[in-house]
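These protein sequence lines map, in sequence, to chains A and B. Using the numbering used here, the final residue of the first sequence is 362, and nothing's skipped along the way. Using the numbering used here, the final residue of the second sequence is 419, and nothing's skipped along the way.
It should be emphasised that the hints constitute simulated quantities derived from the structure, not laboratory data. Watch out, some of these pointers could steer you wrong.
[Unchecked claim] The calculated SDA-like cross-link candidates involving lysine to any residue, where the alpha carbons are at most 20 angstroms apart (straight line), are:
id, chain 1, residue 1, chain 2, residue 2
1, B, Lys333, A, Arg135
2, B, Lys333, A, Lys306
3, B, Lys310, A, Gln87
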Amino acid sequence: MSAESPLVRFENIQKSYDGEILVVKDFNLDVAKGEFVTMLGPSGSGKTTCLMMLAGFEPATNGEIYLKGKPINKVPPYKRGIGMVFQNYALFPHMTVAENLSFPLEVRGISRSERETRVKRALDMVQLGEFGGRRPMQLSGGQQQRVAVARSLVFDPDLVLMDEPLGALDKNLREQMQYEIKHLHEQLGLTVVYVTHDQTEALTMSNRIAVFDDGIVQQCAAPAALYENPENAFVANFIGENNRIMGTVKNIDGEHVSVTADSGDNIVAHKVNIENVGDRTTLSLRPERVFVSPEEGSVDNVFSAKVEELIYHGDHIRTRFKVCGHDDFIVKVPNSAKHSALQENNTVNIGWKVEDCLALDA
Amino acid sequence: MSTAELTLTEDGIPLKEKLAKTTALQRRRALLLTLPLVIFLVVSFVFPIGQMLFSSVHNDKVSAVVPTFAEAIIQWDGEGLPSEQIFEIFVKDLAAAKKVREIGRTVGNMATRINYEMPGSRSLFTSTARKAKKIEAPYKENLIKVNKKWANPTIWLTMQRAARDITPAFYVAALDLKYDENGDIVRADELYQIYLNNFIKTLGVSALITLICVVLAYPVAYLLSVLPLRQANLLMIMVLLPFWTSLLVRTTAWIAILQTEGVINDMLVFMGFISDDGRIQMIYNQTGTIIAMVHILLPFMILPLYSVMKTIPPTYMRAALSMGAKPLYAYRKVYLPQTLPGLAAGTLLVFILAIGYYITPALVGGEDGLLISNLIAYHIQKSLNWSLGAALGTLLLAVVLILYWLYNKLIGIDKLRFG
Ligand SMILES: Nc1ncnc2c1ncn2[C@@H]1O[C@H](COP(=O)(O)OP(=O)(O)OP(=O)(O)O)[C@@H](O)[C@H]1O
Ligand SMILES: [Mg+2]
Chain A
1 MSAESPLVRF ENIQKSYDGE ILVVKDFNLD VAKGEFVTML GPSGSGKTTC
51 LMMLAGFEPA TNGEIYLKGK PINKVPPYKR GIGMVFQNYA LFPHMTVAEN
101 LSFPLEVRGI SRSERETRVK RALDMVQLGE FGGRRPMQLS GGQQQRVAVA
151 RSLVFDPDLV LMDEPLGALD KNLREQMQYE IKHLHEQLGL TVVYVTHDQT
201 EALTMSNRIA VFDDGIVQQC AAPAALYENP ENAFVANFIG ENNRIMGTVK
251 NIDGEHVSVT ADSGDNIVAH KVNIENVGDR TTLSLRPERV FVSPEEGSVD
301 NVFSAKVEEL IYHGDHIRTR FKVCGHDDFI VKVPNSAKHS ALQENNTVNI
351 GWKVEDCLAL DA
Chain B
1 MSTAELTLTE DGIPLKEKLA KTTALQRRRA LLLTLPLVIF LVVSFVFPIG
51 QMLFSSVHND KVSAVVPTFA EAIIQWDGEG LPSEQIFEIF VKDLAAAKKV
101 REIGRTVGNM ATRINYEMPG SRSLFTSTAR KAKKIEAPYK ENLIKVNKKW
151 ANPTIWLTMQ RAARDITPAF YVAALDLKYD ENGDIVRADE LYQIYLNNFI
201 KTLGVSALIT LICVVLAYPV AYLLSVLPLR QANLLMIMVL LPFWTSLLVR
251 TTAWIAILQT EGVINDMLVF MGFISDDGRI QMIYNQTGTI IAMVHILLPF
301 MILPLYSVMK TIPPTYMRAA LSMGAKPLYA YRKVYLPQTL PGLAAGTLLV
351 FILAIGYYIT PALVGGEDGL LISNLIAYHI QKSLNWSLGA ALGTLLLAVV
401 LILYWLYNKL IGIDKLRFG
């Protein structure tokens, strides 16, 4: 095994439950040691399935999964040494918190005194040192969550899998736990494969995000790259907010394409994944990259737009425009003196730069 | 606000009082709804059990037939033979009783009562009663002349005991004990020691049935809990099928299957496993009782187990495996303990039902398959010794209550999950 070989490698993984539909179509992913990789995707896109194949609870229908360079398709789950946090925590209700944590150590035949110190250390790590004698039922959701995390880490696994571990928590607690998990990841140098369908969670926590849809990884990249340079319309739409304008490619000039929108307007955009002149395309524009009443020459596209609706958000005003045949064009207008004059039904100029307008597949 | 101060509502009434008032009506209505059930329980349950407890210690067959004598003999000191006076009362009472035709108050009834404790004494009473009118003073001498058995002090001791309406005699009999000639309690002769052995046998058979039910029901319940809904429903119907056919039909079916000329034996002979005269006796003995009762009681084990297993998500086992536990270890440490409430409930249910089961052993049990409830039924229906039947029934009830108490001590009734 070479030093560079990834800790986990999915190679051409396919999975079908019923022999008719491929739930996972062609999954390839490398996870390096110490990385925090998130699988993000809508419900039913096959995230849990991939995690279960890695953990060994579901066989891969085709392809091979490698752990530390060794194929593990035939290794039973209890020999894989992978820590796991389940969506509903799966804390054993008939055992105390300490017994729960001690379970993986007992299995490994670790002596009683050693077990006690390690359980203590793991509980302290998640700030639950006092709660060892309680039953899981006597803990709050957030505390149970932390116990589940501690239990997955107590036997020092090479790899920790977390399947929507924060799904059941309220917003505040979720944000706090995101921070704590991230902190543990950095502190202990863990390798984490994380599953969520909450894009904010994915963006704030991960080194890399694999965006899933329809059994295929649409894009796997660092959070900033996903947001700034989505490779296709699904990713652009799924990560963050975006305005979409449908059109047809009229001319391709290197990086730039000119597109005729369905309304007839001509728009210059940045080429991403379109091939030929005459193709249908989706133009993607982030709401914060659109300028209202731009200065002459500062942007490449300028259109006159009618203000349909203003929603006050404090730091910005969410403005809905009618432009290029779409009446749901959202712009985040900074709350500055310059723009306070915007009124509903006014018509103003709005514009954007070429590199902020991505020409993606239809 | 200080804690001593009462919380008041808007109109100045203490909050507690107001709350009680508003909920009282609701509660009364709810109680009224349960009234039919309460009445039903009292009539069909509390009252008969009280009746049973009472008749197990109460028997007035002697005092009802020869009332004056009963009062007199109770005063007797038990030394030698009773006085001439008591003999006189006895003879006169007996003569008077001979004329009574009312069922339950005849000399025969009294004779039967005393015969329980002194087997073989029945004819002594009936024959003497016939001559009682002609017996004259001196009564002691003449009575003994009629039958010299009257000179035996034991018969008078026995009569003294039986004259008391409240008597432990039936518990003495139910526990395979008896009174000896001096009125001391000793073990009954071996030939008459049937009840204790039968109690032990009943407990043993019930335990075996329960064990078989556990072994059979556990995998079925597990399968039920993990199968997809369609298959699970089908399996559930098969589990419940015994509930939908009459007990008699099922039992008869077992007879058809198990008897020496039955399906199983025919198959075994046909396939050459046994010879035609080596047919196996599988019914009209304990084996038959066990097979048929396991079949009947199995749903009572499966259902509580299933209801508990259904609530155990598969992630627990997965979590255990992911932590490195081998499947068997994970099962033992994680799955099994969580099914205990259902297992305990099922075990209790099946065991208690088995202990008191009557119809199946009566039909397929033959001689050695009879259980304690069959003996109780015998005394209630055939021998008409209701008091002994009641005493046996009370003992059975006591055994069940003790088991229940033990169970509560060991497992905790509040932990049981029946469904
Ligand atoms: N045991 C199973 N048997 C049959 N089909 C299954 C099974 N588990 C999942 N599927 C199907 O596989 C697809 C992917 O499921 P999966 O659980 O991997 O989705 P997911 O991405 O985790 O979704 P979610 O965000 O809702 O958890 C779904 O269409 C689902 O119906
Ligand atoms: Mg999932």
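Evaluated hints:
no.	hint	result
1	Lys333(B) x Arg135(A)	holds, 16 angstroms
2	Lys333(B) x Lys306(A)	violated, 68 angstroms
3	Lys310(B) x Gln87(A)	holds, 19 angstroms
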